[in-house]
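Produce the complete structure using the sequences and hints provided.
2 protein chains.
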Amino acid sequence: MNKLLITNTRPMGKDLADILIVDGRIAAVGQNIAAEGITVEDAGGRIAIPGLVDAHTHLDKSLLGYPWYVNEVGPRLIDKIDNERQVKRDLGLDAHIQSMRQSLQSVGYGTTLIRTHVDIDTDQGLIALEGVMETRRQLAGIVEIEIVAFPQSGLMRRQGTDELLDRAMAMGADLVGGLDPCGMDKDPKGHLDTIFAIAERHGKGIDIHLHESGELGAFSMEMIFERVRALELQSKVAVSHAFCLGHPDWNMTQGLIDTCAELDIPILTTAPPSRETPSLKRLLAAGVRFGAGVDGFRDTWGPYGNGDMLERAMLLGMKNNLRRDDELPLALHVCTTGGAVVMERTGHEIALGGRGDIVLVEGETLAEAIVTHAPRKLVVTAGNVVARDGKSLRERP
Amino acid sequence: MNKLLITNTRPMGKDLADILIVDGRIAAVGQNIAAEGITVEDAGGRIAIPGLVDAHTHLDKSLLGYPWYVNEVGPRLIDKIDNERQVKRDLGLDAHIQSMRQSLQSVGYGTTLIRTHVDIDTDQGLIALEGVMETRRQLAGIVEIEIVAFPQSGLMRRQGTDELLDRAMAMGADLVGGLDPCGMDKDPKGHLDTIFAIAERHGKGIDIHLHESGELGAFSMEMIFERVRALELQSKVAVSHAFCLGHPDWNMTQGLIDTCAELDIPILTTAPPSRETPSLKRLLAAGVRFGAGVDGFRDTWGPYGNGDMLERAMLLGMKNNLRRDDELPLALHVCTTGGAVVMERTGHEIALGGRGDIVLVEGETLAEAIVTHAPRKLVVTAGNVVARDGKSLRERP
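Protein sequences appear in the order of chains A and B.
Letter 291 of the first sequence, counting from 1, is numbered 291 in the working numbering, and no numbers are missing.
If you want the working numbering, it's the position in the second sequence, counting the first as 1, plus 1000.
It should be emphasised that the hints constitute simulated quantities derived from the structure, not laboratory data.
Hints are not guaranteed to be accurate.
As the list claims (entries may be wrong) - The calculated label-pair distances, taken between Cβ atoms and stated as ranges, are: (1) B:G1092 / A:I38: 43 to 49 Å; (2) B:A1351 / A:E163: 55 to 61 Å; (3) B:D1090 / A:L231: 56 to 62 Å; (4) B:D1389 / A:Q31: 39 to 45 Å; (5) A:C182 / B:L1352: 50 to 56 Å.
Every residue, glycine too, gets a C-beta built ideally from N, C-alpha and C.
So, in structure tokens, the structure goes:
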């Protein structure tokens, strides 16, 4: 039996306790747990939180390990998309190596569960998917990776992409992706019908990038709702970004939010400061499953970010103007348990029977741990130590 | 003569050069400057930028050095203001010690010039001003501090505050402050007439906190414009926050921005992700002087922040969706030279005759230095080394 005892820790900032993990699950939380013959890690009074969950990223995109990428890309979405395909070709970017680098950097920051979108297009075919699947295999037990087959370059506008998505699902992708049904393909019906058909055929879920804001985003949301109802895909379809839910028209957005709750459509955010984003408190109050992610970082899209979901909790808190000590833990919840719930992982919390994914963080309180987001002392996945002092034990390629 | 030679550095990310500082001013920038008898600092190829400028903060408010402050304050502005006065009394907060702590932390991050607002109210009188003035005296040559006498608790609603502001100016405050003429005092005419009269009497400038958004903020801006014109105070009146300039009504905001340019009214931002903020590119294009600050941090208002203006440049870049390598330096400009220009300090740049305030930062490019904002290798104020490896040489009390 695999056993780990973390002593002298404060689960979620509460009183000192020990946490015993047996065979990947939390077997006891309490005082003076017997330690004979068990590996012991002394937390030195640090706060324990559940493993961080990066529920929206792009493991195949980052340029980690390369010299600084000088970004000179044009202002339109399509400029960025076309530029990225070109740079990938020019650099011969290897999705396996890049996803190893990013995943292990994230593990150093305490992430134990990732949902990644992976580009599927008619230029590169399924090679990025193969690379990220190899990373998933190699990092099993260190970080769990869920894969969305993502038509980044469009679906209806690039013939053959639908067949590639279909093959991606057959190969082992977990969800079908989508992207701005109006803005990208200019054929919302065609786009949505196609991805819903592929998902139905494979009995899998969907996660749609929806950057469309205001009324246009609301229109696409309504089209998604229609299909979720018709195909009875409640709880199987998530929407990422959903900037339209941050629109200031309270009535319009409340209708959309209530329908997300009714149809159990989870929302994923990356909390970008420059955009209107869904309100954390409104989504939680409505009972919508809500997770967060770091998005792509240090890639051809932009220079920001590093993979740290504790820093992302800070940005999410700042974006939602959370200032009180009873508010900031809501942002941390979204960046841990919330994301796991979106990914249908149960027990992702520090409680009896919970997953043995634990991160030791610095601070007197959860709020301090979030705003300072100092290097993580220890990261444990399923009862195994996977990172210390901000670095994953497995070296990055 | 006080001489310092910084060798092997990349000014603003450009080609390797040496920088010679003589008596506080940059005397040469070039290759192979003779080093005999001069103190030499080898930059190891690092990028040199001008001293960071924190042009909007509150040195008298932070709780640095105290145990974590558990924030349970109410949602209204007045809740936060009343709570703060209470906490200050309860803790016996010493504005001198707190401003020493914050200033020296900021010096560690590379800040060499600060504009701070200091609370003046009928509870504590002028004691905070005295404390921050003592800090200014003690830190002369390490960091320059400009002081705004700030009626945080209101002016018309608390009788006697006007006399205190008057005395504050006589004691040596540099500017008169103001706060939300409509929202705070509910007497915009009274509030503005009072602070403009005090400023005129002392021949000093003004810096007004304007959180009022949308049409209300535009109304207060118009009242400010009226007084700047009538009293011929062009270039003497700054507006902090100015959220109303971030309102989506382009025509309304363009009119306000153009008038700020016409009357030379500088704008200061702290780039809060949760609010509409003035657009960096629009202000610069209109020729408005534009600086930035960290605002208060780790105080009774909220937990975020640490004093790092390079991180603030990142937040300003994220807020303005700056992604290209030719865009991010604009955010750094606002956080260095831009703020200095607001404060009427000339030559705050790496050029012949410029101020000898230099910070060595990490990264291949300016963009990388901003987004990673790693600990600063070296901070130089007026030709003297004041911080190394992220820590000020002078210890914090």
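Check your understanding: Falls inside 50 to 56 Å, the C-beta gap from A:C182 to B:L1352?
Key -> holds (54 Å)
**Study point:** Range agreement (Cβ of A:Q31 with Cβ of B:D1389, hint 39 to 45 Å)
**Key:** Since the Cβ atoms of B:D1389 and A:Q31 sit about 41 Å apart, the hinted range of 39 to 45 Å holds.
**Study point:** Cβ separation of B:D1090 and A:L231, checked against the hinted range 56 to 62 Å
**Key:** holds (60 Å)
Point to revise | Cβ separation of B:A1351 and A:E163, checked against the hinted range 55 to 61 Å | key: holds (59 Å)
Check your understanding: Is the hinted range of 43 to 49 Å satisfied by the C-beta distance from B:G1092 to A:I38?
Key -> holds (48 Å)
When the structure is compared with the earlier hints, no violation turns up for any of them.
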